[in-house]
Amino acid sequence: QQQVKQSPQSLIVQKGGISIINCAYENTAFDYFPWYQQFPGKGPALLIAIRPDVSEKKEGRFTISFNKSAKQFSLHIMDSQPGDSATYFCAAFKAAGNKLTFGGGTRVLVKP
Amino acid sequence: EPEVTQTPSHQVTQMGQEVILRCVPISNHLYFYWYRQILGQKVEFLVSFYNNEISEKSEIFDDQFSVERPDGSNFTLKIRSTKLEDSAMYFCASRKTSGGAYEQYFGPGTRLTVT
Numbered sequence: 027q028q029q030v031k032q033s034p035q036s037l038i039v040q041k042g043g044i045s046i047i048n049c050a051y052e053n054t055a056f057d058y059f060p061w062y063q064q065f066p067g068k069g070p071a072l073l074i075a076i077r078p079d080v081s082e083k084k085e086g087r088f089t090i091s092f093n094k095s096a097k098q099f100s101l102h103i104m105d106s107q108p109g110d111s112a113t114y115f116c117a118a119f120k121a122a123g124n125k126l127t128f129g130g131g132t133r134v135l136v137k138p
Numbered sequence: 314e315p316e317v318t319q320t321p322s323h324q325v326t327q328m329g330q331e332v333i334l335r336c337v338p339i340s341n342h343l344y345f346y347w348y349r350q351i352l353g354q355k356v357e358f359l360v361s362f363y364n365n366e367i368s369e370k371s372e373i374f375d376d377q378f379s380v381e382r383p384d385g386s387n388f389t390l391k392i393r394s395t396k397l398e399d400s401a402m403y404f405c406a407s408r409k410t411s412g413g414a415y416e417q418y419f420g421p422g423t424r425l426t427v428t
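Sequence lines, in order, name chains A and B. For the first sequence, the residue numbers in our numbering are 27 to 138. For the second sequence, the residue numbers in our numbering are 314 to 428.
Some clues are possibly wrong.
Unchecked claim - List of simulated lysine-lysine pairs, PhoX-like, C-alpha gap at most 25 Å:
#, chain 1, residue 1, chain 2, residue 2
1, B, LYS391, A, LYS31
2, B, LYS396, A, LYS120
3, A, LYS31, B, LYS355
4, B, LYS391, A, LYS83
5, B, LYS409, A, LYS84
To be verified - In silico negatives: residues of chain B with every beta carbon more than 10 Å from chain A:
#, residue
6, PRO315
7, VAL317
8, GLN354
9, VAL356
10, GLU357
11, SER361
12, SER371
13, SER386
14, THR426
15, VAL427
Unchecked claim - Among the chain A residues that face chain B by a calculated CB cut under 8 Å, a handful are:
#, residue
16, ASN53
17, ALA55
18, ASP57
19, TYR58
20, PRO70
21, LEU126
What the hints contain is simulated information worked out from the structure, not anything from laboratory work. A quick note: this is a predicted structure, and the numbers were derived from the prediction, not measured. Just so it is clear, CB atoms sit at the ideal spot from N, CA and C, and this is done for glycine as well.
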């Protein structure tokens, strides 16, 4: 079974600090690795994504680092703000299977 | 900005009843999906749909579940005989094309409560 493992389960960071969330995957056939942000009672919102032929992607305060040989990728949230408090899910997409496999989620709390 | 919409936002039903959850995907998208999320847990894939047929389904998506695109805009998930364990948030998602655009956009979800 294809799995994506995410850590930590929860994270508390001070305003202005860096939040780091890690994911590891088992299947090398994945084609695309997105991160989703979810607020309580809402649907997952696409935040940033990376393809396996790229080692890093940055969009504003959000950066994905990707290590293909280690089958790991991580999300860095720079200058964390209270509005970033949410649950973050990593995911992996295999085009041939046409589905997203999600990690277990990380609840991030940014303290003012 | 176009978005996926879902109705109803909350559905309460009794065990054994049929429910239909509705979704309107983004208009020029060709791939449609249903996912579910049990409270406090991760998002789980149920089914993907392309060209009017199921392209992939999970082990969760058993004979009690079915999907349909009844017209050019709606995409539905039917649960024939609901069970208590079907209580969850159900999310519809859509994706644009097969040409390397892998981004999936999710709707706000339908909270299904089975009593």
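Verification of the supplied hints:
1. LYS391/B / LYS31/A: violated (30 Å)
2. LYS396/B / LYS120/A: violated (31 Å)
3. LYS31/A / LYS355/B: holds (11 Å)
4. LYS391/B / LYS83/A: It is violated: about 39 Å lies between the C-alpha atoms, which goes past 25 Å.
5. LYS409/B / LYS84/A: Judged against 25 Å, a Cα distance of about 23 Å means the pair holds.
6. PRO315: holds (13 Å)
7. VAL317: violated (8 Å)
8. GLN354: The assertion about GLN354/B is violated, with a minimum of 8 Å to chain A.
9. VAL356: violated (4 Å)
10. GLU357: Since the minimum Cβ distance to chain A is about 7 Å, GLU357/B lies within 10 Å and the statement is violated.
11. SER361: violated (5 Å)
12. SER371: violated (8 Å)
13. SER386: Its Cβ never comes within 10 Å of chain A, the nearest being 19 Å, so this holds.
14. THR426: Label holds. Min Cβ-Cβ 14 Å, cutoff 10 Å.
15. VAL427: holds (19 Å)
16. ASN53: Since chain B brings no Cβ nearer than about 14 Å to ASN53/A, farther than 8 Å, the hint is violated.
17. ALA55: Violated - the Cβ of ALA55/A stays beyond 8 Å from chain B, reaching only about 14 Å at its closest.
18. ASP57: holds (7 Å)
19. TYR58: holds (4 Å)
20. PRO70: holds (5 Å)
21. LEU126: holds (6 Å)
The structure fails to meet hints 1, 2, 4, 7, 8, 9, 10, 11, 12, 16, 17 from the earlier list, while all remaining hints are met.
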